[in-house]
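These are the residues of each chain, in order.
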Amino acid sequence: MTINEIIGSFLIVIGLGFQLFGIFGILKYENFYTRLTLSSLIDSAGFITIVIGLMVYNGLDFGTLKLGFILVLMLLLNPLSNHILGRGAYLSNYHPERQDK
Amino acid sequence: MLNIFMYIFVAILVFHLYRIIKGPSVWDRLLGLNLFSINMIILMILYALINNLHYLLDIAIVYALLGFISIVFIARFIQRKGKI
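Just so you know, the protein sequences line up as chains A and B, in that order.
Counting from 0, one number per residue, gives the positions in the first sequence under numbering that gives the first Met the number 0.
Counting from 0, one number per residue, gives the positions in the second sequence under numbering that gives the first Met the number 0.
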């Protein structure tokens, strides 16, 4: 287990932790808009930590450059898609009554 | 080491599938679809790194773009009740 793999795996586990927090939150709350903010937790925190961990795991080669490109791409696209979902839901006046316990 | 992570991410993927099926409204299903495609990208990257197939990373890039575009247009289609 080289030093790359150890640090990379550690980062991936942290990213996994973020994903599990997000999933727990989605299970807990019934309100759509609360879920939307929690899903952005999965998107931004979880995905970025995991991809950075994979980049560290992969060391320095051409694949890491592609991983970096995916990272930058998702940095731009994820918040945008969450915004579009929230806007579309709100404008089509979807208001679930507040049931989060 | 990465194989273990693949099993975990498949479990998370199944959860998002459950969210897509159960989601009370269409918007919850779209949210599940969004999260599903993100975890699919992670799985693709993991598989590409395990077997050293670097062309799969390009497919993950294309899949990210397609996932985003599909979310945009489905949300637009639902919001405008059929009239793009």
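What the hints contain is simulated information worked out from the structure, not anything from laboratory work.
Honestly, I wouldn't trust all of these hints.
As the list claims (entries may be wrong) - Only part of the chain B face toward chain A is listed, based on derived beta-carbon distances under 10 Å:
1) Leu16
2) Ile37
3) Ile44
For each residue, glycine too, the CB sits at the ideal point set by N, CA and C.
Results of checking the hints against the structure:
no.: 1; hint: Leu16; verdict: violated, 12 Å
no.: 2; hint: Ile37; verdict: holds, 6 Å
no.: 3; hint: Ile44; verdict: holds, 6 Å
In summary, the one numbered hint that this structure violates is 1.
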